[in-house]
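Novice: Chain by chain, the residues run as shown.
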Amino acid sequence: MLKEVRIHGRGGQGAVTMAEMIALCAYNSRKVVQAFPSFGVERRGAPVEAYVRISEKEISRRDHIANPDYLVILDPTLLENKGMLNGLDKGDMVLINSSKGEDEIKKIFSIYPDVKIKCIDAVTLAIDIIGKPIVNTALLGAFAFCTGIFDMKAVRAAIEEKLGDKGPEMVNKNIELAQKAYDHFDPHKQFVVIPGEQHLAVVDEDKMVVDS
Amino acid sequence: MKKLLEGSQAIAQIINRCKPGVVSAYPITPQTHIVEDLAKLKADGEAEYEFVRTESEFAAASVVLGASAAGTRTYTATTSQGLLLMLEVLYNIAGLELPVVMTCANRAVGAPINIWNDQQDAMTVRDTGWIMLFAKNIQEAVDLHLVAYKVAEGINQSVMVNMDGFYLTHTMEEVNIPEQTNVDRFLPKFKPVDFLDVKNPKTFGYLATQKEYQEIRLQLHEKVKNSRSLIIKTMKDFKNSFGRTLEPVSTYKTAGAKTVYVCMGSIYGTAKIAVDELRKSGKPVGLVAINMFRPFPDKEILAVLSKMKKVIVINRAVSLGAEGILTTEIKKALYGKCKVKIADEIVGLGGRNVSVEDIKNLLV
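So the protein sequences, as listed, match chains Y and F.
When you number the first sequence by numbering that gives the first Met the number 0, it's gap-free, plus one each residue, and the end is 211.
When you number the second sequence by numbering that gives the first Met the number 0, it's gap-free, plus one each residue, and the end is 363.
You may find that some hints are simply not true.
With a Cα cut of at most 30 Å, we get these calculated DSS-like pairs of lysine-lysine [what the hints assert, rightly or not]: (1) F/336 to F/306; (2) F/338 to Y/2; (3) F/279 to Y/30; (4) Y/165 to F/39; (5) Y/56 to F/257; (6) F/252 to Y/30; (7) F/282 to F/331; (8) F/1 to Y/165; (9) F/252 to F/338; (10) F/331 to Y/161; (11) F/41 to Y/165; (12) Y/106 to Y/81; (13) F/252 to Y/2; (14) F/238 to Y/30; (15) Y/30 to F/359; (16) Y/89 to Y/2; (17) Y/2 to F/2.
For the record, the hints were derived by calculation from the structure and aren't laboratory data.
Build the full structure now, drawing on both the sequences and the hints.
Specialist: Below is the structure:
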């Protein structure tokens, strides 16, 4: 089954890198993948779209993704352009970074009653953990949990590969951020950050505090 | 080895394995990642070539011209305005019969300014005497570079491998980069016969007067036309060595078809889906891709298209005031040899998305 992902962000927010990381995660999970960007003008802040196709067999088409199964929105201010929501159908999923909360976002998407909405305040999480409002790794973790296409192990490996040139500290912090976002959607796996732990993703299970 | 790679990254890796002596290129979107990766391979000590930085594409082309004339395997890459800036040198490289290989990451040409994909750049330099190959996907773009070097050095003629900007240069997919030992076996060390050498002085491209110029140019014309046999042979050799098919013309579901689309480059993959869907709804359509544009595969095209009632030519470049450039080429191949309707369709200029629906809608 061909699954199509469309990511909306702004130049500098990491939409293209996120598409590549999704592709890498799926590829390492034995899927056939294709990831590609659609740049607008090449400058920071300009709207950017990036696409991923994930399948079990050869992917031949190279047109833009008009009917995504998963729509990922890195920047909620992009919602002002309603054209961004084109192609949403019953059963599709929207994963959005917003501080508004799921109920508020669901109102915006009320014309799409059959679309699953997953909302996370990734900016707050990202500033907290990596010190920058870059949300792509957070949404990668969220994407892993919400779609089940690949697991956190694949996410960790993809972050290590794609962000390796930023040094081990940034890699570990991004893994921590992705794990937090992953756990945000998993009611049974709420972590607390343990002071001094650099690598939350491999933290000893005994140290985990499960939120009842 | 199979890896998930961006198209440009894959090209840089195969070029390094082809072991050029001199690489010179000037960065320009969407070719930039190829040059960046080649520069990085060099900086990281993973490459043997000399990387010559230049102030323009004109200079980069001139550097590879000189290096090639001195008997070195060379490489350059460019696109769009950069290719046009090279134009004078491109004529000279081809006229001097130098085995330069270049990648053109196809892109639109201004004005208005536009950095996205179509094929106007390559079509504009089609008369220079370069052999021109087109890739339908990233794997083919990689593989065609091996064929390009082998052909270029086999007959001393320059070869341009075209790959659609962004659609292939910026897409990540699984690519098989041939192992170094297999590359070495297929493409042995370059042994030039004629080259600039202070110990054995020669001159290249000396003045040809009214007495000789025409003969020299027409000889070159014949040489480029006749290069088809070596290109086809090399593609077959490639298949024997690496197991992947390369051919001057690809066909898809042409058996039993009454109408065929003819296209060039990465749009083939999208058009395949359009053909699948049309076939499902009972429409007898097929698809043809031109992978070798210079020399033009007249024979192969005639063999497929003469059986059709209608041919829809999908052009990504226009001869302004005339028609789509690929349409003219197809008409030339078929003229006086068969009766078939030819529709001239121009799509996807300046990176405009061409969807499966768009391609289906060309069938009216």
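Novice: The structure should be examined with respect to each hint, and the outcome stated for every one.
Specialist: Going down the list of hints, with the structure as the test:
1. F/336 to F/306: holds (11 Å)
2. F/338 to Y/2: Violated, at about 43 Å.
3. F/279 to Y/30: Given that 30 Å is the threshold and the Cα spacing comes to 26 Å, the pair holds.
4. Y/165 to F/39: holds (16 Å)
5. Y/56 to F/257: This hinted pair holds, its Cα atoms lying about 29 Å apart.
6. F/252 to Y/30: holds (27 Å)
7. F/282 to F/331: holds (27 Å)
8. F/1 to Y/165: Answer holds: residue 1 of chain F to residue 165 of chain Y is near 26 Å, not above 30 Å.
9. F/252 to F/338: At roughly 21 Å apart (the allowed maximum being 30 Å), residue 338 of chain F and residue 252 of chain F satisfy the hint.
10. F/331 to Y/161: Since the Cα atoms of residue 331 of chain F and residue 161 of chain Y sit roughly 49 Å apart, the hinted pair is violated (cutoff 30 Å).
11. F/41 to Y/165: holds (21 Å)
12. Y/106 to Y/81: Holds, at about 14 Å.
13. F/252 to Y/2: holds (25 Å)
14. F/238 to Y/30: holds (26 Å)
15. Y/30 to F/359: holds (28 Å)
16. Y/89 to Y/2: Holds. Residue 89 of chain Y to residue 2 of chain Y sits at ~14 Å (cutoff 30 Å).
17. Y/2 to F/2: Roughly 21 Å separates the two Cα atoms, so the pair holds.
The structure does not agree with the numbered hints 2 and 10 stated previously, though it agrees with the rest.
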